[in-house]
Each structure stands twice: as C-alpha cells, then as structure tokens.
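Residue numbers (the numbering used here), protein chains in the order written: chain G, 1 to 459; chain B, 1 to 459.
Where hints are given, some of them may not hold.
Pairs of lysine-lysine, DSS-like flavour, derived with a Cα cap of 30 Å [stated by the list, open to error]: (1) B:K411 <-> G:K80; (2) B:K5 <-> G:K129; (3) B:K80 <-> G:K411; (4) G:K5 <-> B:K130; (5) B:K130 <-> G:K256; (6) G:K129 <-> B:K96; (7) G:K80 <-> B:K29; (8) G:K80 <-> B:K129; (9) G:K96 <-> G:K370; (10) G:K166 <-> B:K430; (11) G:K19 <-> B:K405; (12) G:K80 <-> B:K5; (13) B:K96 <-> B:K129; (14) B:K290 <-> B:K29; (15) B:K130 <-> G:K80; (16) B:K80 <-> G:K405; (17) G:K5 <-> B:K59; (18) B:K370 <-> B:K430; (19) B:K405 <-> B:K166; (20) G:K256 <-> G:K5; (21) G:K80 <-> B:K166; (22) B:K19 <-> G:K19; (23) G:K256 <-> B:K403; (24) G:K403 <-> B:K405; (25) G:K96 <-> B:K80.
Only some residues are given here: those of chain B computed to face chain G with a beta carbon under 10 Å [stated by the list, open to error]: (26) Y11; (27) S113; (28) L201; (29) E203; (30) Q429; (31) F431.
These are calculated hints, taken from the structure and not from any lab test.
Being a predicted model, the structure only gives us computed values, none of them experimental.
Using N, Cα and C, we set each Cβ at its ideal position, and we do this for glycine too.
There are 2 protein chains.
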Amino acid sequence: MANEKIPYKIYLTEEEMPKTWYNVRADMKNKPAPLVNPGTLQPMKAEELAPVFCDELIKQELDNDTRYYPIPEEILSFYKMYRPSPLVRAYCLEEKLQTPAKIYYKFEGNNTSGSHKLNSAIAQANYAKKQGLRGVTTETGAGQWGTALSMACAYLGLDLKVFMVKVSYEQKPFRREVMRTYGASVTPSPSDTTNVGRKILAEHPDTTGSLGCAISEAVEVAVSNPGYRYVLGSVLNQVLLHQSVIGCETKIALDKYGITPDIIIGCAGGGSNLGGLISPFMGEKLRGEKDYRIIAVEPASCPSFTRGVYAYDFCDTGMVCPMAKMYTMGSGFIPSANHAGGLRYHGMSPVLSQLYHDGYMEAVSVEQTKVFEAAEYFARTEGILPAPESSHAIRVAIDEALKCKETGEEKTIVFGLTGTGYFDLVAYQKFNDGLMTDSIPTDEELAAYRQTLPPQPKF
Amino acid sequence: MANEKIPYKIYLTEEEMPKTWYNVRADMKNKPAPLVNPGTLQPMKAEELAPVFCDELIKQELDNDTRYYPIPEEILSFYKMYRPSPLVRAYCLEEKLQTPAKIYYKFEGNNTSGSHKLNSAIAQANYAKKQGLRGVTTETGAGQWGTALSMACAYLGLDLKVFMVKVSYEQKPFRREVMRTYGASVTPSPSDTTNVGRKILAEHPDTTGSLGCAISEAVEVAVSNPGYRYVLGSVLNQVLLHQSVIGCETKIALDKYGITPDIIIGCAGGGSNLGGLISPFMGEKLRGEKDYRIIAVEPASCPSFTRGVYAYDFCDTGMVCPMAKMYTMGSGFIPSANHAGGLRYHGMSPVLSQLYHDGYMEAVSVEQTKVFEAAEYFARTEGILPAPESSHAIRVAIDEALKCKETGEEKTIVFGLTGTGYFDLVAYQKFNDGLMTDSIPTDEELAAYRQTLPPQPKF
C-alpha cells in the first residue's frame, strides 16, 4: 500500500467533528436569485412561505449572510448515531487502475437510510418538531429522501405522508416497505387524494407520475392540513446548508493529514450532495484563498447544467411552489424511462446554478452504461455496491485518475459517494444482462421542453 | 443521555484492533466431536478432506489445541476496509424502553456485503488463493454468505460458482444480481448441471430446493473440477475461528471502558455469528475466570437447540459431506415456507452444540411475528433496518431489558446485530400488511424428521 501513514478510513473524533453548518451564500458575491411568487413574479417574503415551510427553515432559506450556523444540540446528538462518515482512501482502486493519483471518497451510505439524505432529513424534522407540528409531507422518486425522512420522523415521533412517484411505487416496492416499516404512510402519485392529483389523472389517466407532480400533491396536503408543513430533500438553500456537514467533515479530515485536493467531484441531481460536499472548499475559492477544480457530474439523459438554460422556472408540475432561478430543462421535461438513476429532476439548486454561472465550477454529463461500468468496477475493487447516482461521480473520478496515469501527475481526487445501490438492483440486472442502453435527448426535444418556461420576472 | 462518557459508537483504533483469531476449542475440556466419514463411520483425516476443502482450512478445522491464530497480513489489510465494526450503545432504545439496563450491540452490517459473513469469506478466499486455486464453489440460501463471498472473490480475482436455493433464486432476484455484479456465476439449485441435482430433479421435479441440496451440488462441482474447492459460511469450526474477530473486537471495546456484560445474546442458525461473538467471553467462562449468561436465539420454526437432538447427522441432502455431531432436526427437515429468516439450517455448529450440551450456554426459541415486532421497534428507534436473523437477538435483548425494568436491575446486555434487512423487504411487507403468521412444527413432525438420522458411529 502506497502511503501507510494515511489510514484506509479517516474517522474524526467527537472533538474534531464540525459543530456548525457552513452557509456558502455568505461568501458569494453574486447571491443566488430569490424564490419568486409565480402569481406576482415578485420575490417571496417569509410570510408567504410560512403556510408551506417550517418557520426556522424559511429563515435559513432566505439567509444569504450568516456564515456559520451552530448545529442544534439535538441534531448533533442524532448525527452521533451515524456520523462522522468515513473519508476513505481508495487504495484498492488506485492499485487496480495503476494510477499515481490519490483518490479519496466521502462515503455517506454508511447509515442505514443508505444515503446522505439523512443529514437534512433529521434537521428538517427537528425544526418541524420544535415548531410543534403534527407532521410533514414530502415527495420521493428514487426513494432515498423518503427513506431518510421516514427514519428521522420515526425517531422524533412525527407523522409523515410521502407521495411516491407512481412508477417507483410500483417498481420499487421494497423502498416503499422500508418507509412503511419506519411508520410513514406512502401514497402513489398522482393520487385521487388531492385536487392537483385528480386534475392530472383526469388529463392523463395513464400517467406513471413525476417528481414535479408528487411535489404538487405533497404541498397541497401540507397547506390544507393544520399542523403540517412540506419538506424537500434537495434543490433548496436550506438543504445545502444542512448537507455542508459532509464537506466540513471532509475538509477537517483532509486538513488533519495535510492533504489538499486538486479535484473535487460530485454527482448532481438537485444538488444536495454536491452542494454539501463542496461548500467549505468553494468558500475558500470564493474568498480567493485556494483554488480547486470542482466538477458536477450529471446524467447525459437529464443534463440541466450542460444543456439546460439559466432561467426562472417552476419547481413542480402543479405550479403551486415558488419559482426558482436555476439551470433547468423546463418543468415539463421527462427523462427517458430507461434512465436508471435518481438524478431525474428538471432543475438544479439555485446556489449551485449561480456558482456554475459565475464560472466557479465545471460540469460534465456521462452516459449511464459508462456509469454502470464504473459502478461495477468500483464494487469489485472497493467492495461497496454504489448507488447509480453516486456512480456518476465514480465514473469521472476514474476518468480523471486515468488521465493522471497518462500524464504521470499525482493529483489528489476527492469524490462524494452518496449512497448504496441496494434498491437499484433492477438497473444492475439490466446492466448485467447487457440490456442497458443510453438515451440522450436531441436538441429538438430540449428546445421543445424549453417552451414550458414561464414568463421571466423583471426586478 | 444516560452516560455521557461512553460514546454512541465505540470504534477501536488501528493499534487496538485484534491481531489474532481466538480458537475457543483450545479452552474446551470436552472438544467438539470430530467430523465422520459417512461410509466408514470413522473420524475424517486431513487427506480425506483435501479434495473438498482448502489445505490450510482443513488444518484450522481439525485443530483443537492452538489458542490464538495470527490473522494473516493480507486478511488484516482487507479487514481494514470495513473493520473495526462499531460497538453501539443503544441509548435511544434504552430510553424508549425506559429500562435501567445498558444495551450494546455489535453491528456487523456496516460493510456493504451487509453482514458478518464477510469476515470468514475473505479468510477462506484468501487461503484458496494462496493455495493457487482457480476458484471456489459454495451454496447460499438467504444470500448473505453468497454476497460476502462474491465480494471477497472479486477482490482476489478468484472464480466463484454459487448454487442458490431455487426458491431464493426466484424470490430474491436482487440478491442474485448483487452476486453477479461482483462477478460470481449463480445457478439455481437443484440444477441439471450436477449428478446430484439431476437425481433430485428426477425424484422431485417440482422441488424449490434446499440448503442441503445446494451444498451437495457445490461439493460435487468442487471435487470434479481441477483447481476448485468448496467453502462454507457457517457450522464449521474454521468459520467460528474467523468470526471470533467479532467477539475479540467487542471484548477489547468493552474492556477499554471497563464494561462487563451480564448477558450476551446472539441469533443462531448454523452458529457463525453467535460462535464468533461469544468466543473470548466463553473462553473466560471455560477457564473459570468470569461468568456470563450466554443466550442463543433460534426461530421457533427451526429450533435445533431447543427441540432437536444431539447426534451425528448428515450436513447435506446428497450425503456427500462428512457427518457432524450436532444439535439437529434431522437432515430431511424443511422449515415452513412462511418462515422469513435465514436461520433455516437443520443442524448447528458442533462447537456450539458441545458447549450447549455441557451447560455453558442457554437457548431460547422465538416466533417470527414477535421477531418482526422487535425489528420494527428497533428500526424506528435506533435507525437501523435489521436483518430478520439479527432481529431474533433484538427480540431477546428487548425482553431481557424489560425484565430489568420490572426488577430495577442495571444489567449490561450485549447482542450481535449481524446484518441489515435490505433484501428482506418481502418479509417486512408481509409483516406490515398483517399477513405474517407463525408456524411451529408439532412434536409428531419433529419425531418424523428424526427418522432421517443416520446410524451413529461407535468410537
């Protein structure tokens, strides 16, 4: 093994653990564009958001100034159950690739919700509990967010109503059962339990649902049931704030061993993992203290950064949510059904969108067969069965390490391994059987979806 | 939280990690009965076992004297990828139960094979590799062993042929796909690829297979293919030796904080987890240095300890394996199909059988609906979705903690949490839907199965 002094897995001690979340917006010169009321096209005020979101979370959502948020004691206490997550030196992968690059991954699948989503789930559930709410509503597609939130709500004794995209509800019955085991009620979306659901069903009786539709249903239930609010597992500023715990731990662990990464890589759907992982590094870059290459990896089938537009768009199908300025494919965008991963959202975190727009990070898109090749290679080498989402980052980390092999450069690569692939075996089976294909939207298709963009606010 | 000084999760440092396996047989006055040749009814010699098992593993199997085995460097190096496993203080569970008991669990599901099986899988694969073999064969039922072994073989570049009980092959396609992703070939058993498989299929064309039948097929393929040997994930002495790493880590972690357990609890199918967890504690008990209550938990539907007999029996259906003296239901025993867990084997580790026979441990059997009640309670409280097997231990740990609540005793309870339940969601769904039932064999049924016991050796 190359460098015996650095352990396979770097775990922080309780003393070394971060006690604050880091709000990258505080260091951004160009702040992310505000959420906008789709009716008035004016920035949303806290009181307009209050029927939908928890009060404390609204504060965090709108706060572009506070640099460090002390993590509340109860959340720190919950984090202790599964954090720190290990920062793993991928010695086996390096050896197999015969690369001079040094590869590290921050493994967030080590808690039994199986992904990084738990970091924000427990935070949001905690604020809902503190506000005296009875419960929360949410949507889930691939199911990682729903699983994490159901664990968090079970722990706090909070009711949880999940709207699960119908196709996932049917194709991923085990995900559904995990959530039920944790005590959540799970409804396939669109459903006949909401106005928006009934409307969509009337227009498209055969629809298999979409994330945007499930969001609309969850919001409707939250605003029409006293004691409920809606919570969301990605895209929002507050989620990136909570997920900054990933990056803060990573930075402390690297600093402990005097390691400076050259390249930081994360998969990007709504941006929760990538935003969390890069936060403190991006902070240094924004303040001009250090430079890093930061790479967002997205699926070629849903390429918001690389082929989308930077514009205000709806966050949901029913258009009940605030509008956000972000890289988007248009809210009507539906990725090909053969797309396996959970990175299907048409939009992208407004924070990351602004940072990308301002040139602080790169983005690449990768095809899913290449992603699963990397996933299998990684599984066999590092012994972890990765989630398809995470495998997007693996793909690019391997590609960068292979470039180092060519050039002889000893670059240090850090990537986010967001979760495990236990519930994605249908996709693995397709790949194992040689039946997986790629599907990349044409320019014409993308142009058509862009027609669904709303009128742009002028302020 | 009760005792702030003891962390939620106790992790050993690299220096504190055990460097040896502990062979409990060295401290047993009554050694486990030897394996016997089913033809001659005489103890098997190493040379008779050599066509089936790896040479080094035969030595370990037959060695009742060596107390400590240094863990080979390569295995220590692999262990570093996922060990130490955490010893978790179940603060949340204690609080929810309102018990004065202190509960700890050793969580072996933290590696992505999802169970403790990896500890022996990498050891056995390593010895096969060192012997210059091309590959190994094995059987798998619930699939944890097959998953772990396929990971280990992928890591070492060893070929692996898995015979998977047909009913599991069909009902657990995802387990199958995990093994394929790690590069193993997986054949449903009984198959037409072996003599024993064809014979069984001719007699019982509609059979859904059994562990005993899959073992026979795997052994046949190993002995008839040059460069292959057969490996097994439980029951054998060598497996308990490798799994002693669980108990050794547990003991070092408890000693570090001056904790002495009163009760140690583990689920028992073939005995690999229980035997590993209790080893060093049992050693102290055997040497008269300390006393512990040690409890084996088995399913009421497959109660080898509590309702079986202590006798020589076949280990497989095809009767190609050596016979072992153990608590057994008779090798023809087939547990009810509605039984969910992986604790279906008709027999039990010869080491544990001797210790139980000599009064060094207790055994209880529990019904599966009660087991899943405990599993769900645990999931919601501790945030880990446990495997059904592990949940047998949870059930009894909770029961013992509730007894402490009645008496006010502050007992320290340690139990083994062997793995996660990601691939057992069919069973969880049954439980969630209220469709799970119990099935306990009648005395008459057990008596009938006992008729399948072979003539007993006399030596």
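Hint by hint, here is what the structure shows:
Between the alpha carbons of K411 (chain B) and K80 (chain G) the distance comes to roughly 24 Å, so the proposed pair stays at or under 30 Å and holds. Distance hint between K5 (chain B) and K129 (chain G) is fulfilled; the C-alpha atoms sit about 28 Å from each other, no more than 30 Å. The hinted pair formed by K80 (chain B) and K411 (chain G) meets the criterion: a straight-line CA distance of about 24 Å does not exceed 30 Å. Restraint check for K5 (chain G) and K130 (chain B): the C-alpha separation of about 27 Å stays at or below 30 Å, so the hint holds.
Proposed proximity of K130 (chain B) and K256 (chain G) is contradicted: the alpha carbons are some 37 Å apart, above 30 Å. Our distance criterion of 30 Å between C-alpha atoms is met by K129 (chain G) and K96 (chain B), whose separation comes to about 18 Å. Simply put, K80 (chain G) and K29 (chain B) have alpha-carbon atoms about 44 Å apart, too far for the 30 Å limit, and the pair is violated. Simply put, K80 (chain G) and K129 (chain B) have alpha-carbon atoms about 39 Å apart, too far for the 30 Å limit, and the pair is violated.
Between K96 (chain G) and K370 (chain G) the CA atoms are separated by roughly 18 Å; this keeps the pair inside 30 Å, and the hint holds. Between K166 (chain G) and K430 (chain B) the alpha-carbon distance is near 21 Å, which keeps this suggested pair within the 30 Å criterion. About 35 Å separates the Cα atoms of K19 (chain G) and K405 (chain B), which puts this hinted pair outside 30 Å; it is violated. Note on K80 (chain G) and K5 (chain B): the hinted pairing holds, with a Cα-Cα distance of about 13 Å set against a maximum of 30 Å.
Between K96 (chain B) and K129 (chain B) the CA atoms are separated by roughly 48 Å; this puts the pair beyond 30 Å, and the hint is violated. Taking the CA atoms of K290 (chain B) and K29 (chain B), the gap is near 16 Å; set against the 30 Å cutoff, the hint holds. As the CA atoms of K130 (chain B) and K80 (chain G) are separated by approximately 41 Å, the hinted pair breaks the 30 Å bound. With a C-alpha separation of about 26 Å, the suggested pair K80 (chain B) and K405 (chain G) falls inside the 30 Å cut-off, and the hint holds.
Of the supplied pair hints, the one linking K5 (chain G) and K59 (chain B) is violated, its CA atoms being roughly 35 Å apart against a limit of 30 Å. The suggested pairing of K370 (chain B) with K430 (chain B) holds, with an alpha-carbon distance near 13 Å, which does not exceed 30 Å. At roughly 45 Å between alpha-carbon atoms, K405 (chain B) and K166 (chain B) are farther apart than 30 Å, so this suggested pair is violated. A hinted pair counts as satisfied when its Cα atoms are at most 30 Å apart, and K256 (chain G) with K5 (chain G) qualifies at roughly 12 Å.
Our distance criterion of 30 Å between C-alpha atoms is broken by K80 (chain G) and K166 (chain B), whose separation comes to about 42 Å. With a CA separation close to 35 Å, the supplied pair K19 (chain B) and K19 (chain G) exceeds the 30 Å bound. The straight-line distance between the Cα atoms of K256 (chain G) and K403 (chain B) is roughly 46 Å, outside the 30 Å bound, and the hint therefore fails. A hinted pair counts as satisfied when its Cα atoms are at most 30 Å apart, and K403 (chain G) with K405 (chain B) does not qualify at roughly 62 Å.
Between the alpha carbons of K96 (chain G) and K80 (chain B) the distance comes to roughly 18 Å, so the proposed pair stays at or under 30 Å and holds. Hint status for Y11 (chain B) relative to chain G: holds, with the closest Cβ pair at about 6 Å, below 10 Å. The restraint placing S113 (chain B) at the interface with chain G holds, with a minimum CB-CB distance near 7 Å, inside the 10 Å limit. Checking L201 (chain B) against chain G: minimum C-beta separation of about 25 Å lies over 10 Å; hint violated.
The beta carbon of E203 (chain B) is not positioned within 10 Å of any beta carbon in chain G (closest approach about 32 Å), and the interface hint is therefore violated. Below 10 Å, beta-carbon pairs count as interface contacts, and Q429 (chain B) has one with chain G at about 5 Å; its hint therefore holds. With 10 Å as the threshold, the beta carbon of F431 (chain B) comes within range of chain G, its nearest partner Cβ sitting at about 8 Å, so the hint holds.
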